[in-house]
Structures are given as C-alpha cells and as structure tokens.
Amino acid sequence: MSLRIVVCVKYVPDATGDRHFAEDLTTDRDAVDGLLSELDEYAVEQALQIAENADDAEVTVLTVGPEDASDALRKALSMGADKGVHVEDDDLHGTDAIGTSLVIAKAIEKTGYDLVICGMASTDGTMGVLPALLAERLGVPQVTLLSEVSVEDGKITGRRDGDSATEQLEAALPAVASVTDQSGEARYPSFKGIMAAKKKPVESLDLDDLDIEAEEVGLDGAWTKVEDATARPARTAGTVVKDEGEGGKQLAEFLAGQKFI
Amino acid sequence: MAEVLVYVDHVDGAVRKPTLELLTLARRIGEPVAVHLGAGADTAAATLAEYGAVKVLAADAPEFADYLVVPKVDALQAACDAASADGSPAAVLLPSSAEGKEIAARLALRLGSGIITDAVDLEAGDEGPVATQSVFAAAFTTKSRVSKGTPVITVKPNSAAPEAAPAAGTVEQLPVSFGELATGTKVVSRKERESTGRPELTEAAIVVSGGRGVGGAENFNVVEALADSLGAAVGASRAAVDAGWYPHSSQVGQTGKTVSPQLYVAAGISGAIQHRAGMQTSKTIVAVNKDAEAPIFDLVDYGVVGDLFEVVPQLTEEVTARKG
Ligand SMILES: Cc1cc2nc3c(=O)[nH]c(=O)nc-3n(C[C@H](O)[C@H](O)[C@H](O)COP(=O)(O)OP(=O)(O)OC[C@H]3O[C@@H](n4cnc5c(N)ncnc54)[C@H](O)[C@@H]3O)c2cc1C
Ligand SMILES: Nc1ncnc2c1ncn2[C@@H]1O[C@H](COP(=O)(O)O)[C@@H](O)[C@H]1O
Numbered sequence: 001m002s003l004r005i006v007v008c009v010k011y012v013p014d015a016t017g018d019r020h021f022a023e024d025l026t027t028d029r030d031a032v033d034g035l036l037s038e039l040d041e042y043a044v045e046q047a048l049q050i051a052e053n054a055d056d057a058e059v060t061v062l063t064v065g066p067e068d069a070s071d072a073l074r075k076a077l078s079m080g081a082d083k084g085v086h087v088e089d090d091d092l093h094g095t096d097a098i099g100t101s102l103v104i105a106k107a108i109e110k111t112g113y114d115l116v117i118c119g120m121a122s123t124d125g126t127m128g129v130l131p132a133l134l135a136e137r138l139g140v141p142q143v144t145l146l147s148e149v150s151v152e153d154g155k156i157t158g159r160r161d162g163d164s165a166t167e168q169l170e171a172a173l174p175a176v177a178s179v180t181d182q183s184g185e186a187r188y189p190s191f192k193g194i195m196a197a198k199k200k201p202v203e204s205l206d207l208d209d210l211d212i213e214a215e216e217v218g219l220d221g222a223w224t225k226v227e228d229a230t231a232r233p234a235r236t237a238g239t240v241v242k243d244e245g246e247g248g249k250q251l252a253e254f255l256a257g258q259k260f261i
Numbered sequence: 001m002a003e004v005l006v007y008v009d010h011v012d013g014a015v016r017k018p019t020l021e022l023l024t025l026a027r028r029i030g031e032p033v034a035v036h037l038g039a040g041a042d043t044a045a046a047t048l049a050e051y052g053a054v055k056v057l058a059a060d061a062p063e064f065a066d067y068l069v070v071p072k073v074d075a076l077q078a079a080c081d082a083a084s085a086d087g088s089p090a091a092v093l094l095p096s097s098a099e100g101k102e103i104a105a106r107l108a109l110r111l112g113s114g115i116i117t118d119a120v121d122l123e124a125g126d127e128g129p130v131a132t133q134s135v136f137a138a139a140f141t142t143k144s145r146v147s148k149g150t151p152v153i154t155v156k157p158n159s160a161a162p163e164a165a166p167a168a169g170t171v172e173q174l175p176v177s178f179g180e181l182a183t184g185t186k187v188v189s190r191k192e193r194e195s196t197g198r199p200e201l202t203e204a205a206i207v208v209s210g211g212r213g214v215g216g217a218e219n220f221n222v223v224e225a226l227a228d229s230l231g232a233a234v235g236a237s238r239a240a241v242d243a244g245w246y247p248h249s250s251q252v253g254q255t256g257k258t259v260s261p262q263l264y265v266a267a268g269i270s271g272a273i274q275h276r277a278g279m280q281t282s283k284t285i286v287a288v289n290k291d292a293e294a295p296i297f298d299l300v301d302y303g304v305v306g307d308l309f310e311v312v313p314q315l316t317e318e319v320t321a322r323k324g
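Residue numbers (the UniProt record's numbering), protein chains in the order written: chain P, 1 to 261; chain X, 1 to 324.
Okay, chain P solo, but in the shape it has when bound (with noise of 0.2 Å):
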C-alpha cells in the first residue's frame, strides 16, 4: 500500500524585504515578495526522502493563501513532489492559527494521509503551533520539531532538540509531524524538476469543497485581535568607533558607564 505523505507549506513575504501590516492590521501580502517558507522546505525535503526509502509512496503538498501561493506549490513540486492541493477562498483573509488549522484539516482528510509533514514554524507568523493544532484536530500522534527522522513499519520515529533535553521519539501512523532546519538542508529543483513541475496536478478547493462556513474563518472568524501594530522605533544611532589599540579599553568604558561592570 501506498505511503501518503502530505507536506503542509506556506507562501510568506520574504523575511529580507520589508514586512508591513496592512490596514486591517493583517500582514500586508503585496509590498514584499513572496516565496515559499524556507523552514518548510526541510519539510519537502524530508517528506521526499522518507519516499525515496518507501517501497511505494506519494507526496503531496498542500497550502491554504492567495492565488500567489502557487508559486510556493511550484517550488515544493519542483523539488520532487507528486501533487499539490491549493485551498484558495476570498473568506480566508485575516484567518488565525487556530482558523487555519481547521481549514488544513478538513483538506488533509478530504486528501487522506499517512503522514502529514509541517516546518518548525513560519518565518512570518513564527507561531510554531500548526503541527500541534492538526494533530488534535485529526486526533492522530504529533511527533514534532525533529531534527531527524525515520519512517518505517507502520511507525515514525525521530529526534527532538527540545528546549532542556534532547528526546527520541516514537509514535504509529497516521501521525502529524515537523521538522526544524537541523534536518538536513533541503535540495535545489533541478531544471528537470522545474520543467516536471509544470505538468504536475494541482487541485484548487474552497471553503465549500471543505464544508467550512465562512464564518468560522477570516478576520471576523478569528479567535484573536490585533489591536495595534507600531513601527519599532529605529534603534538610535550609538557610538562606532575604529580600533586603533584602545578599542576593548573604549568599549571597557562604555560598559562602566551603563554599570554593567
């Protein structure tokens, strides 16, 4: 039987542009490029590997965002994934974490899966609390934030780096997990791969195809509010000064003057 792996990556704005919120205090999705998350390319990374070891497996790679977010499924299936579910629906914009955890869900059920893959956490939002989210929802084991992993038998198993210890994990399929940028780096698309990808099938689903109401969903659907978002203030201009013999001695000083020795 067939291994069904789904890989679950988001298109984000480039984290070395400069981010803004929009209006509505969301994140402002034009003013800087997008791309797929790079923690979640560990993620296709480790999904393709753990089919290259199956005797049989798909991978599939799924986003919920912007009609943009296609460029992200393109990426992941020209690294080597075999399809790719777009859930797109104007409803979505605003969505929480919380929000889109149903919304992801719901897709990887309709989709089914062995095994669902998520990064460490998006380099947008930088929650980290996705793989989690599903796994409850699914009510299947999470085993996340491995830096190594192994699928084999029926089970996954797999180091965590975790925040005192350092855990192996073991858990059966049907199971949700992530992987952090410890994995392994992840591979380019060759121009082969690029090519492929473009024939490879992507299916579109909106919130009818999921059964979701619009209103569980979006701004207005969220379970939080952000009620302000300021610029940080620039960090004022401080003190450079070039080494000329005396530098550890001037920085020596600066340090007494603000008591810290």
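By construction, these hints were calculated from the structure, which means they are not laboratory data.
It cannot be assumed that every hint is accurate.
[To be verified] Derived DSS-like pairs: lysine-lysine, alpha-carbon spacing no greater than 25 Å straight-line:
1) Lys186(X) with Lys155(P)
2) Lys143(X) with Lys225(P)
3) Lys148(X) with Lys225(P)
4) Lys106(P) with Lys148(X)
5) Lys259(P) with Lys17(X)
6) Lys259(P) with Lys283(X)
7) Lys110(P) with Lys199(P)
Because the structure is a prediction, the values reported are computed rather than measured.
Based on these hints, arrange chain X with the ligands on the given structure of chain P.
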C-alpha cells in the same frame, strides 16, 4: 478575583525563572494559581507561594515524562475545569518554550479559546488581558487580545522582572484522567542537556555571542572568557552553529533562541535579519566586527570596528581588572 492558571516550568521541583515572571505578570490580571506537573510539587510550592501563587494544583504521573505534550494538555484542561467551578479562569499563562507553545495550542483548541504566543508583556484590559508582541524580526510591536474563550497566552522569558508577593501557595492534588491521545507519542529516551555552569541563555542578564568571525571551535574560548568575566551566557550565530563550532542549543535567532538581555555583545556576527530576530529587543547592544559596513552596527549602542581577537581579550582583561 478570577484565577489565572500558570503552568510551572521546573526540573524536579526546582522552579525556573520564567515561571516567576509569569506569576508576576499573572497578578496584573487576577489571582495566580500554579499548575505543577511531575515530581517535586512540595519543593516548588514554597517558591511559587513566595511569588504569589495562592494555590498550587499538583499532579504526578509517569505519563508526563513518558509521552510527548498531550498528557500535560489533559492535566491543564483538568485544571481549567477545576478552576471554572468558580467561574472560568481569567487566563492560562505558559512559558514560550517549544513545549509550552505546543501545550498552549492544543489546550486553546480544546477550550474553544484563542491563543497568543510569544508575548513580551501583559496588562489587564477592559476586554481581557492585552498582550504585547514583537513581530517581523522585532520591526513591529503589536498589542493583541483573545476575543473568544479563556485567553491562552505564552510569554517569552525575560519579559518581566520577578517580584516576590507572598501568598498561601496551598498544594492541592489535581486529579487527571488521560485521554486516548495521551499515549500517542512515546518518549523512548531522554538525555538532559549538560549544564555549562553558565546562566541559561534565555534567562541571562548578559549574553555574549560569537559568529563566523570567531573562525573555529577552538577560538570560542575567547568568547567564553569574556562571558565568564561578565557572568554572561554564551550564544552563537547560525553560521557558527552550522559550522559545528558551538551547540545548536546556543543559537540565537529566528530558528534558535530569542534573547532579550540587559546587554548583548556580538563578536564576529554580521547581523542578518534572522539573527536580529532573536536579539533585537536587547536593552543595550554592543558589537565587535572588522567590517565597518556590517549591518549589526545599525543596532549598536556602542560598536568597535576591529579584529575581535584583539578587542575581545583586551575587554576581558579590563573587565576582570575593574571587577578586581
Ligand atoms: C530560515 C532561516 C533561518 C535562520 N535562522 C537563523 C538564526 O536563528 N540565527 C542566526 O544567527 N542566523 C540564522 N539564519 C542565518 C542568517 O541569515 C545568517 O546567515 C547568519 O546569521 C550569519 O551568521 P554570522 O553573522 O556569524 O556570519 P557572517 O554573516 O558570515 O558574518 C561574520 C562576520 O564576522 C566578521 N568577522 C570576520 N572575522 C572577524 C574578526 N577576526 N574580527 C571581527 N569580526 C570578524 C565579518 O566582518 C562578518 O561581518 C537563518 C537563515 C534562514 C534562511
Ligand atoms: N497557510 C498555511 N498553509 C500551509 N501550511 C501552513 C500554513 N500555515 C502554517 N503552515 C504549516 O505549519 C507550520 C507551522 O506554522 P506556524 O504555526 O504558523 O508557525 C509551517 O511551517 C507550515 O508547515
């Protein structure tokens, strides 16, 4: 006053500092009730009481250590149920650790509540607690609140100075029955991280970090010597970690730890956006870098353009002499 549940982060009853910060913040919005899972509640109770816990709900079971995250969610849910006998809790606060956030997420979903992660401050508001967050690599500061259910909020370390405020801290046993999912993910083995003898990175008042400019694992002693003279924690950039010069647990930045110390010292670090995301909210920032154009200098209160192998040892010597 409504209860505010505070999840206790501890090692066998030794309470970690972020929990004391949570108790301090919890008092702004209600009456702190600590939830202590695992061994050592009686030891912890004295400290928790000192920082304002009116009650300590305690549960111990092998499941907490043997299985990932879910048993703790079951316990916190039981604590919420217990608290809601006298009206629902005003909020549930957890530390913003990897595990803290995952527990918070699942709990929020079960309670039908909104969740806020990585708060750096918390105040009482007319419509419930208002959380301050630092987003987009600390380029923006936002204020948010949970608009549905019991607010579940995770708070970053170093967000408040712990203030003692003695309270009863009576220990009560919390009965927990584990659900089917609790034993889903087995922790087959666990290796606690060895203590470096230095302060915890996220809790330290001073952090000294080294980057690619340090040039090799064997050179990190230059960074460590400065850290030790200042009583600081040691951090590293991802470039230094990826090169294998320093452990990943010391990485500062987007995919490492976020630190917000009184003083951050960056040596041989360029200041990429992903690194800044983890240190930009530090009170005072100083840097040593031989490239005058390095972006880190845009952030500094004091910077020295120079070779770190000249400047840092000289600084260490000065610090040691002055502390004499
Ligand atoms: C998704 C993602 C997540 C990331 N997460 C993180 C993260 O969590 N943390 C992180 O740090 N990075 C992270 N990065 C990487 C980040 O983009 C940078 O590559 C990294 O921070 C660079 O580290 P560095 O400053 O040590 O190295 P470099 O950028 O190479 O800078 C080294 C600096 O040292 C100086 N130098 C060299 N020799 C000396 C000397 N003898 N004396 C003084 N100065 C000297 C140089 O002038 C230079 O400025 C992430 C990247 C991505 C894409
Ligand atoms: N809109 C989305 N579409 C698909 N996957 C997502 C989306 N948002 C988050 N994810 C996945 O969940 C992980 C954690 O995201 P977060 O909890 O938002 O930090 C990401 O690395 C992705 O794998």
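Where does the structure disagree with the numbered hints, that is, which hint numbers, in rising order? none
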